[in-house]
Amino acid sequence: MDRKNIEINPLLEVYSKYIEKIDFALDKELELYSESEFCEPLKYALEGGKRIRPIITLLAAESVGKIDDNVYAGACAIELLHTESVIHDDIIDNETQRRHKDPFHIKYGYNTSVLTGDFVLGLILNISSRLDTARVTKDLATAAMLMSEGEVLEGKLEESEDVTFEDYIKVMDYKTATAFEMAAKLGAVIGGGSEEEISGLAEYGKNIGIAYQIKDDLMDWK
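Going left to right, the sequence shown walks through residues 1 to 222 as the numbering used here numbers them.
The set of hints was computed from the structure by calculation and includes no laboratory data. None of the values given here were measured: they were computed from a predicted structure. Not one of these hints is a red herring.
Below are the SDA-like pairs computed for lysine to any residue, each with C-alpha atoms no more than 25 Å apart in a straight line:
id: 1; residue 1: K107; residue 2: S148
id: 2; residue 1: K21; residue 2: S129
id: 3; residue 1: K101; residue 2: L121
id: 4; residue 1: K66; residue 2: K138
id: 5; residue 1: K50; residue 2: E203
Taking CB as the label site, the calculated pair distances span:
id: 6; residue 1: L121; residue 2: G155; range: 16 to 24 Å
id: 7; residue 1: K215; residue 2: H100; range: 14 to 22 Å
id: 8; residue 1: D89; residue 2: V163; range: 15 to 23 Å
id: 9; residue 1: S160; residue 2: G65; range: 43 to 51 Å
id: 10; residue 1: V114; residue 2: E159; range: 19 to 27 Å
Here a beta-carbon is modelled for each residue, glycine too, at the ideal position from N, C-alpha and C.
Construct all of the structure, not just a fragment, from the sequences and the given hints.
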C-alpha cells in the first residue's frame with residue numbers, strides 16, 4: 001500500500017509496526033479482487049490513510065488477548081468502512097483535495113464513486129461472513145447506518161439557523177465517534193474480551209472519536 005501521501009505524525013511513527021501489518025492485510029484482501037474493475041480505484045482510495053481506526057482495533061484486541069488473522073480482518077473491515085464514508089463525504093462536501101491529492105470523485109467520476117462505495121460494503125459483508133459471528137456483522141451494520149444518519153443530520157443542520165450544542169454532539173457521535181467506537185468494540189469482541197472489557201473499550205473508542213472530531217472542527221474554525 002502506497003503511503004507517500006501520508007502526513008508526518010510522531011504518534012503514527014510509534015505505531016508504524018501496526019500500520020505496516022494493516023496495509024499488508026488490506027493488500028491481501030484486495031488481491032482477492034484483482035480482476036475486479038474496482039480494485040485499482042480502491043487502492044487509490046486507501047492510499048495515504050493514517051489507519052487510526054484499525055490501529056484502535058488492533059490495540060483493543062491486544063489489550064484483552066492477542067492479535068490474530070481474524071483481528072486483522074476486522075481491522076480491514078473498519079478501514080474499508082471509513083474509506084467508503086470518505087468517498088461519499090467528499091462528494092457531498094464538494095471537496096477538491098484529500099490527502100494531498102485529488103479526491104476520489106474527481107479522479108474517477110461520480111458514478112464510479114457511488115458504485116465503489118457499494119462495492120466496499122460488499123467487501124465488508126464478505127469479511128464479516130468469514131469471521132463467522134453474527135455479533136460482528138450486526139456491529140458493522142449498525143456503524144454503517146449510524147454514520148449515514150450522521151451525514152444526513154449534518155446536512156440538515158447546515159441549512160438550519162437554530163442549531164443546539166446537543167445537535168452538534170449528536171452529529172459528531174453518529175458521523176465520527178461511531179467508527180471509533182466500533183473499531184475498539186470489534187477488536188475487543190474478536191480478541192475474546194469479557195462483556196465488561198468490550199463495553200469499556202467501546203466507550204473509550206467513542207470518546208476518542210468525539211475528541212478527534214472536536215480537534216478537527218477547531219482546526220477548520222481557525
